[in-house]
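Model the full assembly from the supplied sequences, consistent with the hints where possible.
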Amino acid sequence: KNEVEQSPQNLTAQEGEFITINCSYSVGISALHWLQQHPGGGIVSLFMLSSGKKKHGRLIATINIQEKHSSLHITASHPRDSAVYICAVPTYGGATNKLIFGTGTLLAVQP
Amino acid sequence: NAGVMQNPRHLVRRRGQEARLRCSPMKGHSHVYWYRQLPEEGLKFMVYLQKENIIDESGMPKERFSAEFPKEGPSILRIQQVVRGDSAAYFCASSPPATQNEQFFGPGTRLTVL
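Here the protein sequences come in this chain order: A and B.
Count the first sequence with my numbering and you get residues 3 to 113, in order.
Count the second sequence with my numbering and you get residues 57 to 170, in order.
Treat each hint with caution, since some may be false.
[Claimed, not checked] Here chain B is said to cover these stretches of chain A; the calculated rule only asks that three of the stretch's residues, wherever they fall, bring their Cβ under 8 angstroms from a Cβ of chain B:
1) 31-39
2) 42-49
3) 54-65
[As the list claims (entries may be wrong)] Derived DMTMM-like pairs (lysine to aspartate or glutamate); straight-line CA-CA distance at most 25 angstroms:
4) A/K57 <-> A/D83
5) B/K118 <-> A/E5
6) B/K118 <-> B/D142
7) A/K57 <-> A/E69
8) B/K118 <-> B/E96
9) A/K56 <-> A/E5
10) A/K70 <-> A/E5
11) A/K56 <-> B/E158
12) A/K57 <-> A/E19
13) A/K70 <-> B/E158
14) A/K57 <-> B/D112
15) B/K100 <-> B/E124
16) B/K100 <-> B/D112
17) A/K70 <-> A/E17
18) B/K107 <-> B/E158
19) B/K100 <-> A/E17
20) A/K55 <-> B/E158
21) B/K127 <-> B/E113
22) A/K55 <-> A/D83
23) A/K55 <-> A/E19
24) B/K100 <-> B/E74
25) B/K83 <-> B/E113
26) B/K100 <-> A/E7
27) A/K70 <-> B/E97
What the hints contain is simulated information worked out from the structure, not anything from laboratory work.
C-beta: ideal position from N, C-alpha, C; glycine also.
Below you can see the structure in the form of structure tokens.
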């Protein structure tokens, strides 16, 4: 079993739809990252959160530490939101905070 | 404050050549992580360095790969005698000393081995 699992793996939506991507993890964590990667592109950090909820524009990230689950929501989705969304958690304890990544969710928003 | 810089952005090498990938962390950041993304696979940790020290290299192949982060200059990931299986996107991330949790990613170097 992977330490970080995302669902769905692929998601197609119509412009304007509300989108939810889920992330579950099995390790103890101090924080969880949501990242965005456009095809052939670099990685952009969207959120880092350790509790509750964060909002940035049309993006909302929530985390439930007890349930070891996080969600990324996109309101009023737009074709430019099409990308791979990746959740990642740092290894817990030790001298390093190296990240363990989920396999990513490929989102395609159609006009 | 410029972000994390990586160069080159694209690198083509023939089998057996050497590849050198550079990462300049954000100003004030003394921690650097290297991650690799193989085609059709997720990102995987390779190595974690602080200035002049390798802290964790558990994700780096034992042969042909090496990394350094000198006192002056960028961090270097070096791959000797490249093989086709080394073709991947290599990302570095940097973090400040006080908040290692927050990592800022560079644009990546896409290595193609012919």
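Each hint, compared with the structure:
no.	hint	result
1	31-39	holds (count 4)
2	42-49	holds (count 6)
3	54-65	violated (count 0)
4	A/K57 <-> A/D83	16 angstroms, holds
5	B/K118 <-> A/E5	24 angstroms, holds
6	B/K118 <-> B/D142	13 angstroms, holds
7	A/K57 <-> A/E69	21 angstroms, holds
8	B/K118 <-> B/E96	23 angstroms, holds
9	A/K56 <-> A/E5	23 angstroms, holds
10	A/K70 <-> A/E5	11 angstroms, holds
11	A/K56 <-> B/E158	15 angstroms, holds
12	A/K57 <-> A/E19	17 angstroms, holds
13	A/K70 <-> B/E158	19 angstroms, holds
14	A/K57 <-> B/D112	33 angstroms, violated
15	B/K100 <-> B/E124	18 angstroms, holds
16	B/K100 <-> B/D112	13 angstroms, holds
17	A/K70 <-> A/E17	30 angstroms, violated
18	B/K107 <-> B/E158	18 angstroms, holds
19	B/K100 <-> A/E17	32 angstroms, violated
20	A/K55 <-> B/E158	17 angstroms, holds
21	B/K127 <-> B/E113	19 angstroms, holds
22	A/K55 <-> A/D83	20 angstroms, holds
23	A/K55 <-> A/E19	21 angstroms, holds
24	B/K100 <-> B/E74	21 angstroms, holds
25	B/K83 <-> B/E113	24 angstroms, holds
26	B/K100 <-> A/E7	14 angstroms, holds
27	A/K70 <-> B/E97	24 angstroms, holds
In the structure shown, a violation is registered for the earlier hints numbered 3, 14, 17, 19, in ascending order.
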